[in-house]
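Student: Sequence:
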Amino acid sequence: MSKFNLIVIGGGPAGLMAAGQASARGLKVLVLEKKHLPARKLGITGKGRCNLTNTATHKSFLNAFANGASFMRFALGRFDSEHLVAFFKNLNVNMVEERGGRVFPASQQASEIVRSLIKWARDMGVTIMTDSRAGRLVIEDNSVKGLSIHGPDDTQFIEVQQIIIATGGCSYPATGSTGDGYRLAREAGHNIITPCPALVPLETQDNKVHQMQGLSLRNVQADLLIDDKKKTGLFGEMLFTHFGVSGPIILTMSRTAVQALMNKHKVTLRVDLKPAVDHAQFKQRIARVMHQQGKKKISNILKEFLPLKMIPVFLEQSCIDPDKPGNAVNNKEQKMLRLWCKELLIKITGYRSFNEAIVTSGGVDLKEVNPKTMESRKVKGLYFAGEVLDVDADTGGFNLQAAFSTGWVAGNSVGH
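Going by this note's numbering, the residue at position 79 of the sequence shown is 79; the numbering climbs one at a time, nothing skipped.
There could be a bad hint or two in this list.
What the hints assert, rightly or not - Taking lysine-lysine pairs in the BS3-like style, the calculated list, with each CA pair at most 27 Å apart, reads:
1. Lys297 to Lys332
2. Lys283 to Lys347
3. Lys274 to Lys231
4. Lys296 to Lys347
5. Lys3 to Lys47
6. Lys297 to Lys342
7. Lys332 to Lys342
8. Lys303 to Lys264
9. Lys3 to Lys231
10. Lys309 to Lys324
11. Lys145 to Lys342
12. Lys296 to Lys229
13. Lys283 to Lys264
14. Lys145 to Lys208
15. Lys324 to Lys274
16. Lys208 to Lys3
17. Lys266 to Lys297
18. Lys335 to Lys229
19. Lys324 to Lys335
20. Lys266 to Lys303
21. Lys231 to Lys89
22. Lys324 to Lys59
23. Lys145 to Lys335
24. Lys297 to Lys264
25. Lys367 to Lys335
26. Lys47 to Lys28
27. Lys264 to Lys231
28. Lys59 to Lys35
29. Lys367 to Lys347
30. Lys264 to Lys295
Claimed, not checked - Derived Cβ-Cβ restraints for the label pairs, each shown as a range:
31. Glu343 to Lys303: 30 to 38 Å
32. Leu37 to Glu237: 31 to 39 Å
33. Arg186 to Leu37: 25 to 33 Å
No lab work stands behind these hints, which were simulated from the structure alone. From a predicted model like this one, the values you see are computed outputs, not experimental measurements. For glycine and all other residues, C-beta sits at the position ideal for the given N, C-alpha and C.
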């Protein structure tokens, strides 16, 4: 195989961006992709629509990072959402902005992003070797010397002085993200912060939740309690599923929940269905409605307070007779309704696997990577980009932007 100046391990957004940038600067670049096609995970992001980035201000963008905000400051300053949108516009891919500053391709097709990114990398002169994975990383005198490659037909060794590890994390392993980069980083002497699922649905054994599967709630306040103390909370949308809870606010808080569960803490979700009114106001409202509609059955009156799918579950849980008239509902039963609406408690017992996690929390320890170049502080010529780093953020396009930004920095730093 002809001589390469740089090998990029991983053909996702970070790897392709890094490879294209380096090749555009005159380096001879090889991308190793273990799957048959590059950027498979990119092709399914945003439910196939590809939430590419977010128009949030620089400060708000950094605030979206659960981990790695200070590390990402430089990369986002050099290559931000405006740069990314302009980059794709130059590739004839137009963007549209949706609610919450989310940016999508106008075609609403992630496949368009994938095709244009791969074509650009190849146009820049990048060689992409598919069905091939990295073997042993050779390091001598704290410098990269080469890499063995397991291809579809044979294993070969390539001498190279610069390598970018852009293998992704562990989420959606069917797309190729199976943690290979962590092994390579460990072999190079790097510390790995334990990877765990992030932006992931949460599980519960609470029967009332399972009975309400499919119910979507809007404009609710959900608080996450760790050992009965509020740790974080969000206002927005959530969803009941056959295994537990999901939806935007649940996914965003899941990192905190997962870490607490891993450390054997008690985790509880407290949902306020009526966050616009306090307990005292809501208590008065319940009493007033029960009085005004006193001759109606409680099962009908509850439509004033609860989504239809919730009503039979509440009645069963509270042991209230569905045919009971409103004027016969006593104070204790009214309190049960108030607490159900204002403080619905759900014990969280687990979380879904990497197969359902949007991103991975954990990865290469950021203290051991130079944020201005993405180069290892331990091994000369070794760089990192994308989700293999211990960087993760909220939903909304922030994680993909981080992949492109770190890839851009790494690709423009190699060879100097």
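Student: Does each hint hold? Answer for all of them.
Tutor: Verification of the hints:
1. Lys297 to Lys332: holds, 17 Å
2. Lys283 to Lys347: holds, 25 Å
3. Lys274 to Lys231: holds, 20 Å
4. Lys296 to Lys347: violated, 34 Å
5. Lys3 to Lys47: Distance of about 39 Å is beyond 27 Å: violated.
6. Lys297 to Lys342: Within the cut-off at roughly 22 Å; holds.
7. Lys332 to Lys342: Distance ~15 Å between Lys332 and Lys342 Cα, so the pair holds.
8. Lys303 to Lys264: violated, 39 Å
9. Lys3 to Lys231: Status violated; Cα separation ~53 Å.
10. Lys309 to Lys324: Roughly 19 Å separates the two Cα atoms, so the pair holds.
11. Lys145 to Lys342: violated, 61 Å
12. Lys296 to Lys229: Violated. Lys296 to Lys229 sits at ~39 Å, over the 27 Å cutoff.
13. Lys283 to Lys264: Roughly 36 Å between the alpha carbons, so the hint for Lys283 and Lys264 is violated.
14. Lys145 to Lys208: violated, 58 Å
15. Lys324 to Lys274: holds, 24 Å
16. Lys208 to Lys3: Violated. Lys208 to Lys3 sits at ~62 Å, over the 27 Å cutoff.
17. Lys266 to Lys297: violated, 38 Å
18. Lys335 to Lys229: Roughly 22 Å between the alpha carbons, so the hint for Lys335 and Lys229 holds.
19. Lys324 to Lys335: holds, 16 Å
20. Lys266 to Lys303: With a Cα-Cα distance of about 33 Å, the restraint between Lys266 and Lys303 is violated, given a limit of 27 Å.
21. Lys231 to Lys89: violated, 41 Å
22. Lys324 to Lys59: violated, 54 Å
23. Lys145 to Lys335: violated, 70 Å
24. Lys297 to Lys264: violated, 44 Å
25. Lys367 to Lys335: violated, 52 Å
26. Lys47 to Lys28: Since the Cα atoms of Lys47 and Lys28 sit roughly 35 Å apart, the hinted pair is violated (cutoff 27 Å).
27. Lys264 to Lys231: Roughly 15 Å separates the two Cα atoms, so the pair holds.
28. Lys59 to Lys35: violated, 37 Å
29. Lys367 to Lys347: Roughly 35 Å separates the two Cα atoms, so the pair is violated.
30. Lys264 to Lys295: Distance of about 49 Å is beyond 27 Å: violated.
31. Glu343 to Lys303: 30 to 38 Å: violated, 21 Å
32. Leu37 to Glu237: 31 to 39 Å: holds, 33 Å
33. Arg186 to Leu37: 25 to 33 Å: Once the Cβ atoms are compared, 28 Å apart, the range 25 to 33 Å for Leu37 and Arg186 holds.
Of the numbered hints given earlier, the model fails hints 4, 5, 8, 9, 11, 12, 13, 14, 16, 17, 20, 21, 22, 23, 24, 25, 26, 28, 29, 30, 31; all others are met.
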